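Residue numbers (the numbering used here), protein chains in the order written: chain A, 294 to 672; chain B, 294 to 672; chain C, 294 to 672; chain D, 294 to 672.
No copy is singled out in the list; a pair is fine if it fits within one copy or between any two copies.
Using 25 angstroms as the maximum straight-line C-alpha spacing, the simulated BS3-like pairs for lysine-lysine come out as follows:
1) 515 with 527
2) 654 with 667
3) 515 with 444
4) 558 with 611
5) 558 with 444
6) 611 with 340
7) 634 with 317
8) 317 with 611
Read the hints as simulated data drawn from the structure, not as lab findings.
Remember, it's a predicted structure, so these values are computed and weren't measured experimentally.
4 protein chains.
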Amino acid sequence: MTTPLNIGMIGYGFMGRAHTNGYKRVGDFFPELERRPVLKAACARNKENIQAFADQWGYESIETDWKALVARDDIDAVDICVPNNLHKEIALACAEAGKMILCEKPIAMNTAEGEEMCQAVEKAGVVNTVWYNYRRVPAVTLAKQIIDSGKLGRIFHYRANFLQDWTIADDLPQGGEALWRLDVDAAGSGVTGDLLAHCIDTAIWLNGSVTDVSAMTETFIKERVHQETGQKQKVGIDDACAFLCHFENGSLGLFESTRYARGHKALYTLEINGENASLRWDLHDLHRLEMFDHADEGLTRGWKSIHVTDGDHPYMDKWWVPGLQIGYEHSFVHHVADFLKSLETGEPCHPTFRDALETQKVCDAVLSSAAERKWETVV
Amino acid sequence: MTTPLNIGMIGYGFMGRAHTNGYKRVGDFFPELERRPVLKAACARNKENIQAFADQWGYESIETDWKALVARDDIDAVDICVPNNLHKEIALACAEAGKMILCEKPIAMNTAEGEEMCQAVEKAGVVNTVWYNYRRVPAVTLAKQIIDSGKLGRIFHYRANFLQDWTIADDLPQGGEALWRLDVDAAGSGVTGDLLAHCIDTAIWLNGSVTDVSAMTETFIKERVHQETGQKQKVGIDDACAFLCHFENGSLGLFESTRYARGHKALYTLEINGENASLRWDLHDLHRLEMFDHADEGLTRGWKSIHVTDGDHPYMDKWWVPGLQIGYEHSFVHHVADFLKSLETGEPCHPTFRDALETQKVCDAVLSSAAERKWETVV
Amino acid sequence: MTTPLNIGMIGYGFMGRAHTNGYKRVGDFFPELERRPVLKAACARNKENIQAFADQWGYESIETDWKALVARDDIDAVDICVPNNLHKEIALACAEAGKMILCEKPIAMNTAEGEEMCQAVEKAGVVNTVWYNYRRVPAVTLAKQIIDSGKLGRIFHYRANFLQDWTIADDLPQGGEALWRLDVDAAGSGVTGDLLAHCIDTAIWLNGSVTDVSAMTETFIKERVHQETGQKQKVGIDDACAFLCHFENGSLGLFESTRYARGHKALYTLEINGENASLRWDLHDLHRLEMFDHADEGLTRGWKSIHVTDGDHPYMDKWWVPGLQIGYEHSFVHHVADFLKSLETGEPCHPTFRDALETQKVCDAVLSSAAERKWETVV
Amino acid sequence: MTTPLNIGMIGYGFMGRAHTNGYKRVGDFFPELERRPVLKAACARNKENIQAFADQWGYESIETDWKALVARDDIDAVDICVPNNLHKEIALACAEAGKMILCEKPIAMNTAEGEEMCQAVEKAGVVNTVWYNYRRVPAVTLAKQIIDSGKLGRIFHYRANFLQDWTIADDLPQGGEALWRLDVDAAGSGVTGDLLAHCIDTAIWLNGSVTDVSAMTETFIKERVHQETGQKQKVGIDDACAFLCHFENGSLGLFESTRYARGHKALYTLEINGENASLRWDLHDLHRLEMFDHADEGLTRGWKSIHVTDGDHPYMDKWWVPGLQIGYEHSFVHHVADFLKSLETGEPCHPTFRDALETQKVCDAVLSSAAERKWETVV
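Bound conformation, chain A alone (with noise of 0.2 angstroms):
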């Protein structure tokens, strides 16, 4: 016997329809879940548009505004799936209304921002978790248990980078539905926020706190018409941001994020180098992870190709058969699966608002040192 988890969604957009699909999926693959997500309801302020995705994913009604939709009782758990300039405030009101809360990242538009809704979530101790998809990519999750089992030694290095190409044109509008991401104020920052982001959450995980920055960035296209506005106006978010960081453990990092790499498309990379062995991973391959560990016998010593569709690898014993690769969609389902895991155990789904608030210091010290020019602590 299942008991439903009813799910408000706010929002209907990319990442919309990814979260859906993981609540729809999770059921046939981990049948052992005694939780269901049942999809109650589906809120935006376009009546039409919140309909058609509410037709085409199954979800029973719909709302058109979302303080309506947090105010339902039927509601158990909130998916914040709006522009980052609405997540506090809804958080807020979700907290304040005990409901259980899924945000998309980053969790806030700033620092000061995701203190106030971690304070929220914890002082109503509603159950919270933020939609950093990538730790639940086996092959990541694979790289978490290697670096665990501390095969890799004191660690010296960590870089990562998230590539993309899809904003060179200078035609491109900024702003409305669609491109809400580039505009600063809806966004609060660009690549920092968008995808930094993800690599940062990652490089928490893995391999703890960042302890200080040094950022530039870069905007390389000045001004975009708005499509709100249908005016030229200036563009606020960064088009391109690097910085070198510290890891508390000693190690250094470097981080690289553009939407200005010709030829790459969605390419988050990321690398550990240990004393002993490193490994490294992208999402053009998501399925792969590559290592190389010096233990091995010295003349057939080489960087390894791991095909992570074993069923002993991360979550794939719920798939297919070896061999057989699964994708980018899959992470939502297995983010889905540990949320509900988490409501039976009564452990946290990491990371939770607490643990993105991190990356969220990590961004706001990022942006302040590009701004100002000088290395900046993570406080």
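Start from chain A and add chains B, C and D according to the hints.
Just chains B, C and D now, kept in the frame of chain A:
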């Protein structure tokens, strides 16, 4: 308004899961379709098992006798997902009952059975298709588009192999529910019907008919315990099979399959060399297609690795955004989508039984050639 | 103190350059060798051309009649670097004259010629070797070491191909100095003797004898202008050749070669699958060897890419530092070094004429099998 | 008729061998050159060692005092192949003596020394070049040609790293002949001058001047036994260095180097992203260049792997045939060839001392930025 298509599933193994997942997801990602699969009934002899399967996946009812399932009025389409030795009898019954048929590959134990099945469905006029799913991996579909555009020019070579390593241990038994593929009475053949059939289906689709073959097969482990008898019994299947062939278009073919290639989990690779361009693909990175285009400027000519995740790539407008890969299971979703579309248009959903029979003929010629140690004409 | 080894080179084509480079460099990198090649004389019918070659490379003298070269007292070793149809006659004369012989591969036009050559050198007791240079690419030599260590266990499969694309244009002529490889009278065969012979030599070295073969050949362009007659003439060579075979150790072999595989310049690849481990290599990245070792820990098992540039890799202590690759030409330097070492030890320098004859026998069986469309035993 | 160029080599380490090999081979492969290097004299303090080196490589004579070498009338050109702390004094003496100079990189211990050296050679009017050899790896030279053609459009990003792992063991000593690169007194810096200098030279060549930098350095192992004193001494070099920068053309740069990246032997990688196309290259597969060209047809766009071995690729008409790779050492042969050509044309052989000084300035700014933890302008 959509119309239901009531599915009766016979079988609940690996393929049963894969097909069912296809039925359940198609509506979310292909909302324009008029007909929607409904999981009406699942059938297997073992009541407990089929009930568990039905519960997990959401089938409305179960049957323990496939004849009962086929006889039900509320079933529109039957999915034949059982060992090969049962395909024919069920298919004939379905045709007789006027049910649509989605049959797992290979179509049958041999050409004679396949021919009987073709005649039955054609006579009955029932819609039919065979689950050669790799045609609908977007990168393979893209290969088909490129070839059909004439870009490659005259074709000289086609080569494919399907390499696995899961049966190397000599204490692996044969037969029974999980290992019927190792039992010649259930499977008809070993890698030829299981793996090479996939390679041949794609090859015929991409490069036309095969005219003659010279093959060799091998059974490396001669005896294995049979799970049903508990006795060591002769292994009747081919553990490995390779063949040379000619295509009707004058090109040369080279095919190989084995379950004894240490290090390869499910490495289906194909390559086609034309006068002007070449293509290659492999299942371990199924989201990529490689292309060499001699028309490219000479100094910078090279093999291109196409990350088949853009909106204009086959099927990819239905999924996520560029750079984010899908996986193995999506090929079945696409097959279901195309099947449903075919119901709207009245066009056949390829490969039909008749198409699959052509593959069966090549398989038979291959096995006969290996047995006789001589070239065989494909008739 | 070193002792000179006076070299007489017959021929000045691509291989003449490669061998000469081997002779000139060996002393710099293998200073421990007692004997050092001295470029005593170069020989070819065209006086102007051979003089230019001698000038460029530093040969002390020239000859225009190979018989004169063989007759010279100041020549210790003769390098036979001419088209295949001349190998036998020159080799017999060298044996008669008591000269050491370094003969370009394949050993001869056919097995009968090769047998005659073997008997001549064995009777005369002259040192002999055949330039199957790929054995001495460090990654291939490393493969041999690993296989000889028993690491792979029982062998199931061996496959190799050699794919090129340089003869696709139908206005390419045949014959003459540059294109004698396309003229059956000079070359004896097409890709079989030119390319497959390499694959077969390595295969026998790594995996033992071939017992029987089933082959197919094709000549895609049926007529080409012959450079010596200026006339369109029938093309007598095989443009492509593929074959199945069995090895004496019970493993299955699959070989293919062509000059019509668009996109491949000189892609010689090989792979061997054993019970416990597999290896693969390709000439386009000749400094790497890939290995899959089933003994590796399960969770992190994968194909390793070994960058064969460490000091403990075969031959690599002679060159640079780890990470810095060497290239194609070094295989010839290594062959010369091993040849010189063999003079010190009195051991044969493999492959000898007798070793190369085994490859020739397989080639002959392949061509005969293709002509007769039936399995041929290698005798 | 060729004219000799008498070389005086100071030093006999790894670079001494690489340069000498360049001098010895250039005539064989670039026969059109009018001047030919003659190995006139080799010089080092240790008589036994330098005699052995001279014997191995064929230097006609030896010196044990570099001043004596520089004073010899029969020396045309001096190759400075000694630790960095000796470059300046020798170079000044060479200039004074009117000798051509081929100086190992980095040009000097710091910008001040380098400036003095530039002024000396310019005042004396002696031909000079610095051995930044990677410019003459054919794939890198091809990158330069493509960039100069304007194909990339506006440049947004440049990134490079040079990763090694050979100093991870903490019992590795510093100093002495083999390990002077770990001794700050001999080397001036660690990875910055040894490895990043290469990255910077190529970057400036491909992408223009660097204007400002923000760097961090780290010394992971704080003390190592010094081979000359036998005592544990503070390690003065940087084990790792990373920096952010801006280029004059408005693009962003990211550079990193370390000797603590487990699994990387000598992995120099570079990537440049332009509006219309991107290029990347790495030293572990130095015969390949990767290119993404947005002008390619959309459906089949992807990263191309160019196997830089064709006759129309830079320098490659001198070597073998398409598909057959050359290696690391060939970059030095090419440098010698270009140097000899420059003597014919009277054009400088880049990078000259003046060019190399620009790299030195960036290195100095990097080290200063790291020390001061602030952005530094490159002056």
